[in-house]
Every structure is written in C-alpha cells, then in structure tokens.
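*Asks:* Given next are the chains, with one letter for each unit.
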Amino acid sequence: MIDLLAQVQTRQRTGESCVAEDGFCPDYIVANFSDRYLGPFLEHIVLTLVPVAIGFAVAFGLALLAHRRGWLVGPFDGMTGFFYTIPSIALFILLLPFTGRGLVTGIFALVLYTLYIFFRNFLTGLQNVPPETKDAARGVGLTERQLLWRVELPLAVPEILAGLRIATTTTVGLAALAVFAGAGGLGTVILRDTSFKSDVVTASALCIGLAVVLDLLILALQRAITPWRRAAHGR
Amino acid sequence: MNAPKPAQKSTARAEGKAATLELRNVTKRYPGQDRAAIENLSLTVPAGEICVLVGPSGCGKTTAMRMVNRMIDLTEGDILLDGKSVTDRTPFELRREIGYAIQQIGLFPHQTIGGNIATVPKLLGWDRARIRARIDELLELVQLDPDEMRDRYPAQLSGGQRQRIGVARALAADPPLMLMDEPFGAIDPINRDRLQNEFLRLQRDIRKTVVFVTHDIDEAIKMGDRIAVLKVGGKLAQYATPAELLMSPADDFVKDFVGADRALKRLALQRVEDISLWSVAALEEGDSIEEARRKMAAADVGVPPLLVDGDGRPLGWLDARRVTEGRVGGQPRTKVEPIVDIQDVLRDALAELLEAETQYAPVVDPGGRVVGVLSIEIIAETLQQDPEGVATGADSALAQT
Numbered sequence: 007m008i009d010l011l012a013q014v015q016t017r018q019r020t021g022e023s024c025v026a027e028d029g030f031c032p033d034y035i036v037a038n039f040s041d042r043y044l045g046p047f048l049e050h051i052v053l054t055l056v057p058v059a060i061g062f063a064v065a066f067g068l069a070l071l072a073h074r075r076g077w078l079v080g081p082f083d084g085m086t087g088f089f090y091t092i093p094s095i096a097l098f099i100l101l102l103p104f105t106g107r108g109l110v111t112g113i114f115a116l117v118l119y120t121l122y123i124f125f126r127n128f129l130t131g132l133q134n135v136p137p138e139t140k141d142a143a144r145g146v147g148l149t150e151r152q153l154l155w156r157v158e159l160p161l162a163v164p165e166i167l168a169g170l171r172i173a174t175t176t177t178v179g180l181a182a183l184a185v186f187a188g189a190g191g192l193g194t195v196i197l198r199d200t201s202f203k204s205d206v207v208t209a210s211a212l213c214i215g216l217a218v219v220l221d222l223l224i225l226a227l228q229r230a231i232t233p234w235r236r237a238a239h240g241r
Numbered sequence: 036m037n038a039p040k041p042a043q044k045s046t047a048r049a050e051g052k053a054a055t056l057e058l059r060n061v062t063k064r065y066p067g068q069d070r071a072a073i074e075n076l077s078l079t080v081p082a083g084e085i086c087v088l089v090g091p092s093g094c095g096k097t098t099a100m101r102m103v104n105r106m107i108d109l110t111e112g113d114i115l116l117d118g119k120s121v122t123d124r125t126p127f128e129l130r131r132e133i134g135y136a137i138q139q140i141g142l143f144p145h146q147t148i149g150g151n152i153a154t155v156p157k158l159l160g161w162d163r164a165r166i167r168a169r170i171d172e173l174l175e176l177v178q179l180d181p182d183e184m185r186d187r188y189p190a191q192l193s194g195g196q197r198q199r200i201g202v203a204r205a206l207a208a209d210p211p212l213m214l215m216d217e218p219f220g221a222i223d224p225i226n227r228d229r230l231q232n233e234f235l236r237l238q239r240d241i242r243k244t245v246v247f248v249t250h251d252i253d254e255a256i257k258m259g260d261r262i263a264v265l266k267v268g269g270k271l272a273q274y275a276t277p278a279e280l281l282m283s284p285a286d287d288f289v290k291d292f293v294g295a296d297r298a299l300k301r302l303a304l305q306r307v308e309d310i311s312l313w314s315v316a317a318l319e320e321g322d323s324i325e326e327a328r329r330k331m332a333a334a335d336v337g338v339p340p341l342l343v344d345g346d347g348r349p350l351g352w353l354d355a356r357r358v359t360e361g362r363v364g365g366q367p368r369t370k371v372e373p374i375v376d377i378q379d380v381l382r383d384a385l386a387e388l389l390e391a392e393t394q395y396a397p398v399v400d401p402g403g404r405v406v407g408v409l410s411i412e413i414i415a416e417t418l419q420q421d422p423e424g425v426a427t428g429a430d431s432a433l434a435q436t
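Here the protein sequences come in this chain order: A and B.
So for the first sequence, the numbering used here puts the first residue at 7; every next one is plus one.
So for the second sequence, the numbering used here puts the first residue at 36; every next one is plus one.
Okay, chain B solo, but in the shape it has when bound (with noise of 0.2 Å):
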C-alpha cells in the first residue's frame, strides 16, 4: 500500500464539520412485545468526538444507532443533530447527511471502487471533476493508491481493504456525522487492530461526530471519547469515559461487563508519553569519562548508562563498572531490545517487556531519540494509583437518564 503524499492530505484537514448529537428520551418499541427494545435512552455526543455504543447482544445498541438516520423510526422521543430534529427531513436527506459504515461493509459489487465511493456526491449532483477529485482525495485518506484503486471492483480487493473502502464512502460527502455499526468486526484480529489505529489516526484529522456500535468493551475502550454502555432492554447502564468506565463502574452489571480485568485495561487507556520515566545516562562515543561519570551520576539508579549514536538513537547497553577509563566507545555492549515509542499505549509496551523478558527498555520519541527508560516498576506503580492526564469525571454530567 502506497502511503498518501503529504501535500494532497492536508486538503482533508481542511474539512471537519462536525455535529453534536443528542438523543432524548428516546423510545423504541417493536408492536406485539410487551418490552421496549430502547427504553428512555437520552445521551449528548459533543462534536467530533466518538461515542462508542456497547453491551450484550439485544442490548439495542444497533437499533439506538439506526434510529439516528431513521433506519429504524422512533416510538417516543426525539433526536437532535446540532439542535435539528431528525424529522425535519426526509429520510433520505437525512441519511446523506450521515455517514454510514456498517460490519458487512455492503459495497455495490457492480459499481468500481470509485463508483462506490461517489454514490452520495452523486445523490447530491456534484458535478464530475469534484467527484473524481474527491475519489482521489478519500483513497489517499484511507491509505490506498488512487491510481491503482479507482477502476477496480470490490471482488478484487481483500477484507480490510474492502472495509477502508467502506469507511471511504461513509465520508464521502464530508458528512458531520457518521455512523458505525461493528466495521471492524468481520476482519481478523492483527488487521483489524490496524484498521483501528488508522480510524483513529484519521479522526485526529477529521474531527467528526462518530456513532460506533461494538459488543467488545476491548474496542470501546480503544476507540471511544465516551462510552455507552446498555443493559437489555436498551437502558443505558452507564456513560462515560473510558477511564472513568474502568475506574468507577456504576454498578455491577457495568462491572460485569466491564471485565475482571479492568485494572489491566486501564493500561489500554494511557500512553507512554502520559507518565513519568527513569531517566537514563545516554553516553555518546568519543565522551570523556568525566562527561560519562556526571551523566551516570544523574541518572536513576538500577538502570545502566545506554550507548546512543550522534542523534540520540540507542545502540547498545553499556556496564557501569566497565566504563572507567579513556573515552566511551570501546567497551563492550549489549543489544537493545525492545525499544518502546513514546506513543504507545502502556499496554503494548509491557507486552513488549514481557516478551523479551527484560525489566526495562529505553523509550524513544517519534525521532528515534532516546527519552527515557520504561520499566515492570514504572507500570506497576502506574497501575496502583489513578491514572492521570485521562479525563474523568465532569464529563458524566452529560449522561442524563
């Protein structure tokens, strides 16, 4: 796959309105059964923010969703995009208006990858040129060559690629909401977890109002600014940020449904950057050894002084004792690995440590520059105390039952 140049995807920055959504007392119930599939369900998603909908199956979390582009219409209540009704329009102008990307992607297998992606700009008489520069401009934005791309079908494309297609065309005409039902959900597990970086990545750039329906609270908390968890019967148990979801579920279901394991995917939650490391004694060769000594002299104990090359990047682990004498270069080193990035998310980076059966690794930023040393230590602290730099509380003021 061809990475996008970086002139054509600052266009996409360009765009991002985004609209907040709030649905209110909303009801949903099927004739002939006794319990409503959504119950009152009222909740507020700021703009450009993502509002991950899950719980078990036949929670109503899909139908809550469908309910936003009427798919599926509403019994009682309403829904507000930016302070419209939904029922102001047509279903159908309506639903241009929202991006819609659902599990089993539904491409047209007739129409080419360009076609596809152009079905709302068409419905909305866009002429030819800014539809095929908008083709162009999307494939880019989701990581694929629009040379290569454009003229094919989606038989020809594997899963994942299929799914970038999907979400391609959800955002075709910029829309302020989009809405998502399990998109990632069909593709294997390694793939998927890209796909969902990528999102995310995306989102960074475009800012929009996203509706995202999972059962896997693991996605939700990977992927939401806010999650609504839903109990059977479409009531909504709890909702929150992701930290506030793991630190203080509401009640026990939440706590169920959560995991045992909260404490662990909290790590899920914070990124390297967000917490404090060791510092490190980063040794250049040709330092004198009172240059060395002062360095090692400030650094945190237990951790040995770490070999780097002329721009910060490490090369190897020195031994303290072995570094006496003449100028630092020579001595003998050990190899380092894993080197954890700074942006990685705690989790990943103790599955690093783990799997290379070390204590500590050095961290570097997005230039390869040494920043410190992570250790087992530092994420068992972390792991004691509440987490900071997450947001939590406040934001469950917006959750109105």
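Here chain A stands alone, though its shape is the one from the complex (with noise of 0.2 Å):
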C-alpha cells in the first residue's frame, strides 16, 4: 500500500515518465482502457458467467439425482470434491493435452471447481427441508415431482444461493488463471507484464469488482424471491 501511495506520487512529479517507471498510472489507465483493459474484463465476465451457468446446470442434475437415489451422494461427493482439491493452475496446464489451449479448456476447468460447492449447497438445501412439511405435502396430494418444484426446492432456494454466491466469487478468481489455459481473461492483463503495476492494479480492481457487484446482485435476488424469510425473522 505504502508502495503504491509512493507511486501516486512519482506520477504527480514526474508525469510521462509515470509508464516508463512501470507505476500506477490512473491517467494511462483510462486512456487506453478500452484497448488495455476492456477486452480482458469482457473475457473474464464470460470466463465467470458461463463455467458458473454450466455448473450449476450440471451439479442441480447430479443433486437431483443423488436426492432420489440416496446412494449417489457418496460416490457424487467424492468426485467433485476431488476436482474440488485439484490445484488450479495444475488442472488448467493438464488439460491442455486433450482440450488444447483455448476458452473451451478453460471453462471446461472452471465449471469442475464449481461443481463440489453447487453440488453441497443444492443437497444440504433439499435435506434441510422439514420432514414434516414433506409428509403434509405428501398427505394433501402432491406428486413427487410436485413436491420437488413447489416444495422443496423453494425452501432450498436460501442454501441454492449461497452456494451461488460462493461459486461466483471463487470463480472469479480462478478466472485469472484461465491464462494459463490461453483463455484469456484477466489474467493476461496481469501477466503480460507482471512489473507494470497499472496493469496488475487495474486487473485487480476489475476482479474484485467484478465479484462485488456479481454478488450484490445475487443478494438482491435473493431477497426478491425469498420474502418469507425476511417474513420470518422481522417477526
């Protein structure tokens, strides 16, 4: 922090020679943001988004499944909680051999880390459901699959997302390293030249902002379609 107040204040002194001295340059910055820095951030949101979309996608099947047929939970557990303790930048370079470098490779990697967290999240949301809700919706009628959407899976909807918000946040990190994939993303920005500090700063800023605002969104929906527990605790 110190180091970079420094650089702050290089800039101020000595000005053009602010890029030349590798330093934190907000001028440089929003000049050539849109050539620098755009390209990278838009990659990276679609680097977060679709790995994100995918996973949850594929780890709502596998909970699904796990949750009618309890015997699937362990075997489920097991192997995506072994993607899960992969290292990162492990995976993204092992990968290449079959998926070759580009974005498939690393969405295809980025998807597997999201898969433990959705995968518990969904589960723990569905076995937390009152047993007593489940017999009275049961004794009035409902089918299994009526159960599942109108019952269960509503009340699983406060676990569903914070798995959501986890897996968003994660992945927005981990979507730095998708460089090593030649993904693209952020994390090219920061590599390109890991001295220039307007670059790691900036790719930084984006991250974290990118994950502050992805998951005030999530909170505002969460809030939207679960008013019975806003219900519940301003009693």
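Incorrect hints may appear among the rest.
[Claimed, not checked] The calculated SDA-like cross-link candidates involving lysine to any residue, where the alpha carbons are at most 25 Å apart (straight line), are:
id	chain 1	residue 1	chain 2	residue 2
1	B	330	B	361
2	A	140	B	144
3	A	140	B	222
4	B	119	B	222
5	A	140	B	106
These aren't lab readings, by the way, just hints derived from the structure by calculation.
The task is to assemble the complex, starting from two chains supplied on their own in separate frames and drawing on the hints.
*Replies:* Quick look at the structure:
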C-alpha cells in the first residue's frame, strides 16, 4: 500500500515518466482502458458467468439424482470433491493435451471447480426441508414431482443461492488463472508484464469489482425471491 | 381474534359431504418383522362421526390412519370409502379427497397463509376467484381474520394460529373424510382445550367423517363419537362410544388404559343440560311477599331464594328468613359465584363448585337466564347411576373383529 502511494506521488511529480517507470498511472489507465483492459474484462465476465451457469446446471442434475437415490450422494460427493482439490494452475495445464489451448479448456476447468460447491449446497438445501413439511405435502396429494418443484426446491433456495455466491466469487478469482489454458481474461493483463503496476492494479480492481457486483446482484435476487425468510426474521 | 361474520359462516354449513369409512380385515406387515404392525383390523366409521384411534405407543394407531390415505400401503385386507376401495385411484387423487392434518402441522414456510390453504384447490385446478373466496371462508371458519392473515407467512403466526391454518388447509377442498394425527398434541394445555372445543363446534357445522389419532385417553373421550382402543401389534381391543368404554371396558387392558378414574372421566361426557337440576325460587325485585312465598314453597329444599333481574339473570342469593315483609328488593344479598353454564360438561361444573368452595350454584342458559341449581350432591348421585342421555350399547355391533 505504501509502495502504491509512493507510485502515485511519483506520477504527480514526474508525469509522463510514470509509465516508463512501471508505475500506477490513472491517466494512462483511463486513456487506454478500451484498448488494454476492456477486452480481457469482457472475456473475464464470460469466463465467470459461463462456467457458473454450466456448473449450476450440472450440479443441479447430480443433486436431484442423489436426492432421489441416496446411494449416489457418496460417489458424487467424492467425485466433485476430488475436482475441487486439484491445484488450479495444474488443472489448466493438465487439460491442455486433451482440450487444447483456449476458451473451452478454461471454461471446462472452471466448471469442475464449481461442481463441489453447488452440489453440496443443493443437497444441503434439499435435505434441510423439514420432514413434516414433506409429509404434509404428500398427505394432501402432491406428486413427487410437485413436491420437488413446489416445496423442496423453493425451500432450498437460500442454500442454493448461498452456493451461487460462493461459486461466483471463487470463479471470478480462479478465472484469472485461465490464462494458463490460453483462455484469456484478466489474467492475461496481469501476466503480460507483471512488473507494470498499472496493469496489475487495474486487473485486480476489475476482478474485485466484478466479484462484488455479482455478489450484490445475487443478494438482491435472494431478497426478491424469498420474502418468507424476511417475514420469519422480522417477527 | 375477530369473530367471523355470521352471514359468511352460514356458507360453511352448506358444505358437508361425509363418507362412510370401512376398514376390512386390514393387516400391515413390514418385511423382516415377525409381528404384524396391524393385525386383522376391522371397523366402520359412520359418515359424519369422529372416530378416535387411541392406544399406547407402538399400537399402530398412526399406521392404521396412514393406510387410509395410502401414505402407508396395506399388506392385506381393504379400506373402503363409501364402499369404494381406496386402491381404486392413484394415491394422489385419493389424498386430494381426504383432509390431512398432523401434529407438526407441516405448513409450507415459503407460502403465505392463503397459499397454504389453497394447496389442494390449486392441485384440483379451481379457478382463482373460487380459491380466493374459499380461503376467506375457511379463515373465518377457523375464527381468524382473513384480511389480517391471508398474506402473512407461517413464521409470523402463533402455534395455535398455525394449527388452525393446518385444519383449514385440510378442509380446503371440502373432503368427505379428515385424517388428524394428534393435531393438538404440540399445543399447550390451555390452547389445546380451546382448539378442541373449536374443532368440536366446527364439526357440528361441517359434519365430516374424521379419523383422529391420539395417545391421550382424555382427548379421545372428549373428541370421539366412537373410540377404537388398540393394543400393541395393532389389535383392536374395543370399539365403542366413550360412555360405553367408560362403563364397561372390554378387558383388563382397556380398563387399565382408560384409567382408575374412569368414573370421574364420565363427568366429562355429560353436560349440565343432560341431568335434572334442583329448582330455585327466582325472585324478582318488586315481587310481593305472597308471590315470593309461593315461589319459595315450590323450590327444592336446601336452596335459598335467588334474586334475579327482569331478564332472569342472577343478582344475588337472599336469606329466606329475611324475605318476610314488604316487597322483594331491599334485603341483603350475597354474591353469586360461580354461575354455571348449562352447556358445560359436569367435570368443569364440578371444578367450578370446588374452586369456589360452595355446595351449589345457579345454572344459566345461553341467554344468561337462571334455569335451576346444580349441586355437588346432584353430581354425586349422577356418578352412582348409569349416564342417561349418552348413547351406549348397540353401537358396538359396528366393531367386528
């Protein structure tokens, strides 16, 4: 931080020489934003949203299967947990021989990391539905499908969205490493000249900003679709 | 809580399909267990009556109830609703025709009260306007204010209110049969008593066939038109009216289960209006001495004259020796306490007498008018004789084993 402030000081004194000295140069960043940063930033958004969406859908399917057939919980848990523990840089590199360099490899690896988070949270949400609520639902004549869509899933929404928040934030961070798979994103900005502070700081700030904005959006969504939870707390 | 508007309550009376329920040699065996959970259980519940399944834990009472709406499948035998086997339709269709209320209530926390009540009507595809009208009607039926309750969530309600919503949800599609599994079991004693009374009052209007499960013999006696006492292993020990169960338990098991205080329990079966009261000299202010003397002579011995107002409401006890001259009105009076409601059960009336440490009390009709005097002596006499006006015998023919 002190170092950063020192750079700011430097820029004010020396002006044009800021870039030459690899400093943090706001004027330069603003002037070159669309050329240097916008492209990677948009790629980063894709690298976040697409894996999160795919991971959400895949884990949803796995969780529904495991919810219906309890014996699948263990295997699915182990499999997604295994993916989750592979060091991320290693995974991006390990995938190269199979899927080649590029966006697909990056997205594929990032999907694998979201699965565990989504799967656990889906399952917890479904398992937390009170047994008496399910009994009453069946007792008044809901079919198993109606029970799932009208009772179990709506009640699992808080856990599901909690999982979505964690997965999204994590993916924003991990996507910066997708550069090792040649998938672009803000990682390219950081890596192209690790000593140029304007690049490093801007890329980091955009990552953090993206994570915060997405998190707030999910929070807003959660408030909008679970009015019953606020009712419970606001008694 | 707001009282329902009378005009709307009458619409509830218009409903009231009720079905006859018949269990025929029903047996339930779980794989890997030697002993049947329910063994050869047969009983018939006439349309519009409350049948209470009661017994110690493990007797299979909940299992028996849950086989009726096929939450549990039966192994042998059959269950008939108005002569049609419950296996005729899919379990889902069947359950939508049967009200279902359980101890834990199981309201859907994510749905409003209106949404909860509308569950079955929605499944049945009712249109919006009809569902909305039905929600309000049911809320009034269970004595809750529709405008206040409709859009709230279950977490915002008290336990008693939630239980009422549970009953309203069970009644939503006007089912001919209701299954209730210890519906008031998790409610504190005071509110439980109130909810029981409310349900009995409701039942007088809607006349559903009800299967009511409880482990509490007092609740069984209070709620049941008929009581099925089950032994462990799902064997029917006795199926009878509450009075018959208390008067003549079929065997030692039933005798034990009913309890040593069964004579006292009988007091819960009879209401003050079922027994003959002592007559009382009800003197109005302004009565002449001759009039007062005539009334006192006609009254039962041992009860002092009672001063009443123009509408016959009790004002105070008078001392007969002091009603000697002039007109009635100026004499010293003592406070009347308690005043017994003619619709009270004898047990509650006795409790009131004991509480007030008095031997007798005036009994008033719903309008507050004095109709006679109840004394501890009358209650003691009642305990020594067979209860009159309470159905016994004959009904037991319905229990087949």
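*Asks:* Against each hint, give a clear statement of whether it holds in the structure.
*Replies:* Hint-by-hint comparison with the structure:
1. 330/B - 361/B: holds, 16 Å
2. 140/A - 144/B: Judged against 25 Å, a Cα distance of about 11 Å means the pair holds.
3. 140/A - 222/B: holds, 21 Å
4. 119/B - 222/B: violated, 36 Å
5. 140/A - 106/B: holds, 12 Å
Consistency note: the structure conflicts with earlier hint 4 alone.
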